[in-house]
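Peer 1: What follows is the residue order along each chain.
Number of protein chains: 2
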Amino acid sequence: MSSKVTLVGAGLVGSLLSIFLAKKGQQVEVFERRPDFRKIGAVGGRSINLALSDRGWRALKEAGIEQTIKDIALPMYGRMMHDTEGELTFQPYGKENQAIYSVSRAVLNEALMDVAEKKHGVKFNFNQSCENIDLKDIEATFENNEDKDNNERETIKSDVIIGADGAFSAVRGHMQRMPLFNYTQYYLPHGYKELHIPANEDGSHRLAPDALHIWPRHSFMLIALPNTDGSFTCTLFLPFESDKGNKEAFENLNTDKEIMNFFETHFADVIPIMPTLLEDFKQNPTSSLVTIRCSPWAYKSNVCLIGDASHAIVPFYGQGMNAGFEDCFYFNEFMKKQLEKNGSIDWKKMFEDFQDERIPNANAIADLAIQNFIEMRDRVADPEFLLRKKIEAKLHEKFPTRWIPQYTMVTFSHLPYSYALNTGKKQEQIMNEIMKKENIENNWENLDWEEIVAKLDN
Amino acid sequence: MSSKVTLVGAGLVGSLLSIFLAKKGQQVEVFERRPDFRKIGAVGGRSINLALSDRGWRALKEAGIEQTIKDIALPMYGRMMHDTEGELTFQPYGKENQAIYSVSRAVLNEALMDVAEKKHGVKFNFNQSCENIDLKDIEATFENNEDKDNNERETIKSDVIIGADGAFSAVRGHMQRMPLFNYTQYYLPHGYKELHIPANEDGSHRLAPDALHIWPRHSFMLIALPNTDGSFTCTLFLPFESDKGNKEAFENLNTDKEIMNFFETHFADVIPIMPTLLEDFKQNPTSSLVTIRCSPWAYKSNVCLIGDASHAIVPFYGQGMNAGFEDCFYFNEFMKKQLEKNGSIDWKKMFEDFQDERIPNANAIADLAIQNFIEMRDRVADPEFLLRKKIEAKLHEKFPTRWIPQYTMVTFSHLPYSYALNTGKKQEQIMNEIMKKENIENNWENLDWEEIVAKLDN
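Taken in order, these protein sequences are the chains called A and B.
For the record, in the first sequence the residue sitting at position 124 is 124 according to the UniProt record's numbering, with numbers rising by one throughout.
For the record, in the second sequence the residue sitting at position 357 is 357 according to the UniProt record's numbering, with numbers rising by one throughout.
In isolation and in its complexed conformation, chain A is listed as follows (with noise of 0.2 angstroms):
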């Protein structure tokens, strides 16, 4: 027994999850309120990238697809920070081969709907807003916005709908009126901006390639990660409004004079290898940064939400997308399951196991990309939080099972999310009292690593 299921959204998350229903055999038809960016120009180079890390690839390596995007990634082994003066300092991000892979967001969503079209049927559908969803009796209402004026609409009736549809989801606007319905938006008062390092004329970085560049500022930082082109994309992240301990801040960005300053005082050394950076600044818009949780994720066996729409967050772990794909990856472990089982899919068993897996752990991913802007444009520039991260490294290394740092748990293992956050508290209160030993800078090879690990068992 196959399923109809609409399926709104042909994002990283929709276009994913649209291979693994093909996969199972269930009748998927996609509808994307933009148009199909395949035609009308890829977006190249300038766009937003992502970091793809070890969460990201299990499920692509599921969908059989792993090969077709490692093409297009470029692996960062690790965090370049640069300070005022233009000083690099090199932080592995875990062991040796471990890396992040850096990947364009329009290349991976091109490569991923090309896949789900042409291997495995799906139809997708572009231009189409979603006007309306009928919770009870499963019916999608889309508008085509090529032609507002006409008015077009078409309602569709399927066996499910699934809203992958983005932070600001039409789907879960639907749910919202729902009694019971939990929901969080929280936005953080920085705004971010992109910006642009082009490629040396012979096509090669202008930075180390193989790293995530960051320019920590305490309350705010640039970051820049790199592209197959030669290009960096960056981002500055910067409070929207200044106050008393601040006062750096968009607002006070304004003409080119301000950004110029700004620049010069804060991140020098960008300034000679961007050099459209006053274009960008005044022409790319500011972006606000939104976390949002809510609860349910599904109605009865009729809808669900998945991705960004059910759980978006801050991209300070990178793992926005990484959580967006493990979704679809454990999506389709339920299914298997029941269709091993059963031979179908009871849908609404489907979604309660769905959600009762994810939503513990979409809401600890949440805290901790939070919890990472801290880290990142803050701590990651100090001497004692790098020493903490050589004790624990050495920590790893001695017990590879019984101590991960919370960053490897994150990002380079499929421990669930919410364990990673609640033993990295564990981890740091220990490491808060090793920290303060006298001399600890000096001595600290000299630990009692076993002592210090049979703590976490406490």
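Just so you know, these hints were derived from the structure itself, not from any lab.
Computed from a predicted structure; not experimentally measured.
Check each hint, because a few of them may be wrong.
Below, in silico cross-link-like pairs of lysine-lysine (PhoX-like), each with a Cα-Cα straight-line distance of 20 angstroms or less [to be verified]: (1) A:K61 - A:K4; (2) B:K244 - A:K349; (3) A:K136 - A:K348; (4) B:K455 - B:K426; (5) B:K193 - B:K282; (6) A:K4 - A:K348; (7) A:K348 - B:K244; (8) A:K244 - B:K426; (9) A:K23 - A:K136.
Since the structure of chain A is already known, use the hints to place chain B on it.
Peer 2: Chain B in isolation, oriented as in the chain A frame:
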């Protein structure tokens, strides 16, 4: 300089605020979605009633209507607990003469509207659904919902729009679309249903009229508040759905037999005094319990939320209306301050002051209200809990300003809710230690009171 103020919502908070605005010379006009219930006949004793306490009274006094309301309110000096055998235990709320006051929502609302209209010339418009708020142009569009087919709409331009339109505020709905608007809606798994105990034939009350009656049953409870006509308004709080630990739930109460069995098992003593139990249970809706938080409450100098529209809470501390009235009190204080200083109101500054003062306290009472549900349904029947209260009452008697029980801070003081929340946490830790002492139930009168109270200052 007076401003034209469009006030959305003629509920308790909207009506009271209109009095404060009119008294300060502002041109205020009120728009209410519902019909004028003064004309369609009073809803009377069957409507929900509320518990007025010191914060509410202070606002009513400031508005000059304390005595009008005193005449329609009944004092409740404590909780009367009913156990499953029908045994009663009385626990005072505070000192001998301290009471909270049961008042009918409908009668109170009518009184406030009458004063606003007749004494202060406020114009009320009824049957006006708020269909749109233009935050930038300060325009509110209302549709006359008596005559929906006619689609009669009116757009009002003013200097300021205030949304006092309750937990499902239309004004907030429009603010929610603006960037950086933080918002949370959280539902308890419990629903509630109103029930009724009529007066005796001679008009007297069938239970002690000077107490709030509670039937605490751990995961659920029944409460009853007295009305001036001799009846009681009762509310059953019960989970919507059963789970492993608790089979009792609204979903399992469908037939007459199920309902009667449930009452016979848990609330046998109310059956003889609730002649319309079955009809009420089946006819009255089962409502949900939502907590709503948001931030900011205002947009520039243009629009501001107040009362449930910005902070809806669950009813278990009896503070929803009191918190809303305290909003009005502070709103008036900030108006006064500005009028005294400048002779006119800078609404931007006014709204900033207002929300800086109120948001932390609204969040605190939201937390306290959820906490108090657990206390009311689960702990009030516990002998250890009663002993705690006795010890705390003693501390308060000995140190009236240094140890104020949390319930007293919330109910019988004007200390900020956030202070009550934080101080209550400290008190609880101290009391937890005391309750661990051996044979405390016999030795408690010999405690070292000075040592205990000194711990609060640590």
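Peer 1: Kindly indicate which numbered hints from before are broken by the structure, ordering the numbers from low to high.
Peer 2: 1, 8, 9
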